[in-house]
Structures are given as C-alpha cells and as structure tokens.
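**Q** Sequence:
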Amino acid sequence: MGKQNEASDQAPPASEARGPGRSPETSTTPRLPLDRIAAALRRERTRAGLSLSELAKRAGIAKSTLSQLEAANGKPGLETLWALSVALDVPPSVLLDPPRTAVHVIRAGQGPTVPSEVASYSAALLSASPPGARRDLYFLQVEPGSPRDSDAHSPGTTEHLIVATGRVLAGPTEDPVELAPGDYLSYPGDAPHTCRALEPGTTCVLVMQHT
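Each residue of the sequence shown is one higher than the one before, starting from 0 at the first, in numbering that gives the first Met the number 0.
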C-alpha cells in the first residue's frame, strides 16, 4: 500500500539532543539504541511505502505505539520488534542496526538487550549478518599451552567468538583481548589472529563469516 498524505500519519523525528549511549564495556545498565531503532523503523517503513496506520495494522500494534517508537520514545519489547520486522519483511537485526568496528567487544550482560513482553526471556543482538554472507559455526575446546596462531584467511572473513567456559586471549595477533564466559568478540579473520586458553576447560563458540 502506498504512503498516505495525512499529517497525523507522520511521526515526529527522533530528538537530536540525546547523547551517545554508554560504551558496552563500561555500562552497567545496557541501553537499547532507541535513536537507531527509530531511524531504522522510519527508513524501512518509507522503503516499504507504508503509512504509520498500515504498518501498525500489519504488525498488530497500536498506531500510537509505533509513533512513539519512531520518535525514539518508549521501550520496545522483543515481540513488538519481531512483529514489526515481519510486517516490514526484514530481519529483526535491521531494526537494531548496530554500529560495527573492526574489533568489537561486548562483555557478558552488557549488550543492549530487548526483553520479552510475555516471559522471563531477553535477547541481545551481538552481530547482524551482512547480506549474502555465509556463516559457519564451530564449538572450540581449548587448553592452556601454546597459542593457536592463524594466518590471514580469505579476504572478507570475519570471526565471531563467544566464550562458554574458562578464559581466553583471542583476536588480532598484535592486540588480543582477554575474554571471560559470556563475552563476545568479533575481529578480522583476513588478518593474522590468535587464540590461547588462560584456564583449563575453556570452551567457545566460533562463527566464521565469509562475504
């Protein structure tokens, strides 16, 4: 359905006065990126050619709720974001729209988290998959000793590491990061990198992403 020209169907822009969110490594209370969610909702709704009323109807939420979300007011729950992503035909990660850096660390419990509206359940987006990417998942068992040094893989490779148990020193060979259970790290796999267990019984999940 095309855009409607009703003035009441236009959400107010998100405030530009908000300061940047706290760093994931220093924040003790993870914050949802409300400004980015608002911008992503406006962008994707415009791309789909939907009015506020039509998108709210398709997602099964109140128009006032959607208007608040597009103005970066209110705190969306997991079910609301999922419903909006289905109505817009995009992955939920598109609405969270996380910024990326070459080396990215999210400490356990410190990623922006979306709570469920109906259960004791929450989700934190660690990494959004780029379009057309292939991802392979591995379970690693690593013991203290010599590091596992790797040469650069094929261009466009990114590695994602989540620690399950123990502690590990991993990442770029020149600047590895110490990680504990629940910590997440992404780094270029197309540059030399390393992985060394700091405790016995260290286990990790490794995701290799190829673009």
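Errors might be hidden in some of the hints.
Per label pair, the in silico range of CB-to-CB distance [said to hold, decoys possible]: (1) E198 - P130: 33 to 41 Å; (2) P114 - D150: 20 to 28 Å; (3) P171 - S128: 15 to 23 Å; (4) A122 - P180: 14 to 22 Å; (5) G131 - A190: 16 to 24 Å.
In case anyone wonders, no lab produced these hints; they're calculated from the structure. No residue lacks a Cβ here, since even glycine has one placed at the ideal position from N, Cα and C.
**Q** Given the hint of 33 to 41 Å, check if E198 and P130 actually sit that far apart at their C-beta atoms.
**A** holds (38 Å)
**Q** Assuming the hint says 16 to 24 Å, is it satisfied by the Cβ distance from G131 to A190 or not?
**A** Check passed, 21 Å falls within 16 to 24 Å.
**Q** Indicate whether the distance between the beta carbons of A122 and P180 respects the range 14 to 22 Å.
**A** Because 18 Å falls inside the window, the suggested range holds.
**Q** Does the Cβ pair P114, D150 satisfy 20 to 28 Å?
**A** Violated - the Cβ-Cβ distance for P114 and D150, about 42 Å, lies outside 20 to 28 Å.
**Q** Has the hinted range 15 to 23 Å been met by the Cβ atoms of P171 and S128?
**A** With a Cβ separation near 22 Å, P171 and S128 satisfy 15 to 23 Å, so the hint holds.
Hint compliance for this structure: hint 2 is the single one not met.
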